[in-house]
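Peer 1: Using the sequences provided together with the hints, build the complete structure.
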Amino acid sequence: MVVSIKKITSEQSWPIRHKVMYPNMQIEHIMLPKDELAEHFGLFENGELLSVVSLFIAGDSAQFRKLATVEEKQRQGHGSALLLHIIEYFIRLNVSRLWCNARKNKLEFYKKVGFIETEVLFSKDGFDFVIMEKELKRD
264 MVVSIKKITS EQSWPIRHKV MYPNMQIEHI MLPKDELAEH FGLFENGELL
314 SVVSLFIAGD SAQFRKLATV EEKQRQGHGS ALLLHIIEYF IRLNVSRLWC
364 NARKNKLEFY KKVGFIETEV LFSKDGFDFV IMEKELKRD
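Using the numbering used here, the letters of the sequence shown correspond one by one to residues 264 to 402.
Source of the hints: derived by calculation from the structure; they are not laboratory data.
Certain hints may be false.
Okay, derived cross-link-like pairs now, SDA-like style, lysine to any residue, Cα gap no bigger than 20 Å in a straight line [claimed, not checked]: (1) Lys270 to Gln326; (2) Lys367 to Lys400; (3) Lys397 to Glu380; (4) Lys400 to Trp362.
Peer 2: Quick look at the structure:
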C-alpha cells in the first residue's frame, strides 16, 4: 500500500466533502466562499483520493475546514495522517494557532492530536459544532 499526501484543487475535494459531510444537500452547499484562495490537500492510497482538507491562513492563525475521509476508509488513520501533515505544514509556515469548527460527535478525534475545546458552540445545518484550537510551536 502506497500512501501519499499532496496538494489538490478545491474541485478535487468537492466529491468527498459532499458524499461524507452533506450527502442530502446540493453539492453547492459544500463549496466554500474563497475556496479558490485556500490550499487543499488530499491523502491518496494507491493513487485513490481518500481524505481531503482545506486550509485558510490569516496572519499567524489558520483554519482548516472540511476535513473528510471516505466512509469505508474511516477509522483507519487516514484523517489523522492528513491532520498531522497539515500541523507540520503550518509549523513550517510559522503559524502559531490552528483551529477548526468541529462537529461535536468528532471531538475525541481532534483531542487525540492535541486540540482543545473552546467555549464557542454553535449549530448549523442540523449539526452542533465546537471551535477547537491548537497552539503550534516549533521544537
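Peer 1: Against the structure, test the hints numbered earlier, and report the numbers of the ones violated in rising order.
Peer 2: 2
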